[in-house]
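Throw the hints in and build the complete structure from the sequences for me.
Protein chains: 2
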Amino acid sequence: MNIGEKLAEKKINSTRVFDGELLQVYKDKVELPDGKTSIREWIDHPGACAILPVKQDGNVVLISQYRYPAGQIFYEVPAGKIDPGEDPFHTVVRELKEEAGVIAKNMAYTGLFYPAIGYANEVIHLFIAWDINQHANNVDDDEFVEPWTLSFKECLDMVKKGEITDGKTMACIWRAQIWWEQNQPFPITFG
Amino acid sequence: MNIGEKLAEKKINSTRVFDGELLQVYKDKVELPDGKTSIREWIDHPGACAILPVKQDGNVVLISQYRYPAGQIFYEVPAGKIDPGEDPFHTVVRELKEEAGVIAKNMAYTGLFYPAIGYANEVIHLFIAWDINQHANNVDDDEFVEPWTLSFKECLDMVKKGEITDGKTMACIWRAQIWWEQNQPFPITFG
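So the sequence lines, in the order shown, correspond to chains A and B.
For the first sequence, the positions run 1 to 191 when our numbering is used.
For the second sequence, the positions run 1 to 191 when our numbering is used.
Honestly, the hints are just simulated from the structure, not real lab data.
A portion of the hints provided could be inaccurate.
For chains that are exact copies, the list does not tell them apart, and a pair is met inside one copy or across any two.
[As the list claims (entries may be wrong)] Calculated lysine-lysine pairs in the BS3-like style (CA-CA distance at most 27 Å, straight line): (1) 55 x 29; (2) 160 x 105; (3) 97 x 6; (4) 161 x 27; (5) 55 x 105; (6) 29 x 6; (7) 11 x 29; (8) 161 x 105; (9) 55 x 36; (10) 97 x 81; (11) 160 x 55; (12) 6 x 161; (13) 11 x 36; (14) 6 x 81; (15) 81 x 36; (16) 97 x 36; (17) 10 x 105; (18) 105 x 81.
Treat the numbers as computed from the prediction; the structure is a model and nothing was measured.
See the structure below:
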């Protein structure tokens with residue numbers, strides 16, 4: 001018996017218990033590996049993209065955004081949900097423009113992660129963007145986000161010091177650093 | 001006007017739309033910074049703890065666990081929800097025993113993060129544990145988790161290579177490395 005067979009759970013039935021604008025919540029009955037049954041409550045999510053935009057001078061653009069569930073403002077990388085059937089690169093282009101007010105000439109995929117495996121199937125695709133220019137129309141009025149610029153090193157230090165506490169932003173910055181050190185489109189000092 | 005006043009959203013009313021065993025889902029009407037109203041759907045979560053257990057030989061203990069929402073097995077650090085009124089250190093002791101089958105003589109807090117700020121108020125407190133011993137009864141039978149041991153360096157490499165994709169596990173390992181380099185209870189080679 002391999003580890004998958006030993007640990008996997010099988011769906012017996014599934015009921016949508018909340019059909020929201022943002023959240024699709026399901027309650028499923030499952031068969032456990034020992035044959036007993038249990039209940040799994042979970043969120044069906046279309047997936048999202050998060051991007052660290054890097055300017056030609058080595059500075060990066062973060063945004064400040066109020067998040068209602070935790071009732072506080074977070075420092076974040078631009079991010080957004082993937083529309084149905086949308087290529088994640090298109091999501092990135094859109095969110096860079098809408099949230100950070102920038103257009104990027106170059107982008108690279110740096111990896112993916114799952115933010116909340118206990119109760120959601122959400123996967124977040126991580127990107128880095130560089131050779132960016134300010135977009136003519138700047139940030140959309142109805143986005144309520146505040147873009148700001150800081151050095152890549154300051155941004156890493158904020159993660160290390162615990163001043164950036166949003167999971168996707170931490171993952172996006174860490175993966176961006178790893179990617180940059182390996183590929184280095186132009187030199188940036190992190191140390 | 002400070003940035004908080006410029007970005008904050010005010011609750012107008014709140015309705016619980018799903019009262020589950022695991023998930024408490026709310027749908028709130030809020031007032032946006034421009035005076036318009038909008039809907040926020042969100043999960044109320046009691047918070048959780050995640051711990052990286054480090055053995056005397058510098059190896060760490062991870063667990064393999066099947067996660068139903070994403071339908072796959074993840075490599076994870078031991079973790080669990082905080083019970084009502086519980087001291088997070090107690091949560092850590094319990095989860096180390098139940099999921100990794102170990103008891104730790106020493107523990108330190110390495111920071112916190114928010115895994116899913118778009119739709120949950122969940123905060124995950126991160127810890128590192130060392131001077132650990134195998135617990136007599138080993139892992140609970142009904143946990144369906146498989147503990148395994150690897151070097152701290154291998155564990156970091158798995159994060160870097162994208163083989164570990166669980167957000168809390170990535171954050172816990174990264175913060176553990178930062179903490180260990182600053183405090184170093186005993187020498188470990190990461191390089």
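These are the hints, each one checked on the structure:
For the homomeric pair residue 55 and residue 29, neither the shortest alpha-carbon distance inside one copy (49 Å) nor that between copies (38 Å) is at most 27 Å. In this assembly of identical chains, the alpha carbons of residue 160 and residue 105 lie at most 27 Å apart only when taken from different copies (26 Å versus 29 Å within one copy). Proximity of residue 97 and residue 6 under a CA criterion of 27 Å is satisfied inter-copy only: 21 Å between copies versus 46 Å inside one chain copy. For the homomeric pair residue 161 and residue 27, neither the shortest alpha-carbon distance inside one copy (39 Å) nor that between copies (34 Å) is at most 27 Å.
In this assembly of identical chains, the alpha carbons of residue 55 and residue 105 lie at most 27 Å apart only when taken from the same copy (11 Å versus 47 Å across copies). Taking the shortest Cα distances, residue 29 and residue 6 sit within 27 Å of each other inside one copy (18 Å), while across copies they are farther apart (44 Å). Taking the shortest Cα distances, residue 11 and residue 29 sit within 27 Å of each other inside one copy (6 Å), while across copies they are farther apart (34 Å). Taking CA atoms no more than 27 Å apart as the test, residue 161 paired with residue 105 passes between copies only; the shortest distance there is 26 Å, against 31 Å inside one copy.
Taking the shortest Cα distances, residue 55 and residue 36 never come within 27 Å of each other, neither inside one copy (55 Å) nor across copies (34 Å). Taking CA atoms no more than 27 Å apart as the test, residue 97 paired with residue 81 passes inside one copy only; the shortest distance there is 14 Å, against 38 Å between copies. Both within a single protomer and between protomers do residue 160 and residue 55 lie at most 27 Å apart by alpha-carbon distance, with minima of 22 Å and 24 Å respectively. Taking the closest pair of Cα atoms, residue 6 and residue 161 come within 27 Å of each other only across two copies (26 Å); inside a single copy the shortest separation is 40 Å, beyond that limit.
For a Cα distance limit of 27 Å, the shortest separation of residue 11 from residue 36 inside one copy, 12 Å, qualifies, whereas the shortest one across copies, 42 Å, does not. For the identical chains of this complex, residue 6 and residue 81 are inter-copy neighbours only, at 24 Å across copies versus 34 Å inside a copy, given an alpha-carbon limit of 27 Å. Proximity of residue 81 and residue 36 under a CA criterion of 27 Å is satisfied inter-copy only: 23 Å between copies versus 36 Å inside one chain copy. In this assembly of identical chains, residue 97 and residue 36 lie within 27 Å of each other by CA distance solely across copies; the values are 23 Å between and 50 Å within a copy.
Proximity of residue 10 to residue 105 under the C-alpha cut-off of 27 Å is found in neither arrangement, the shortest distances being 45 Å within a copy and 38 Å between copies. Taking the shortest Cα distances, residue 105 and residue 81 sit within 27 Å of each other inside one copy (22 Å), while across copies they are farther apart (43 Å).
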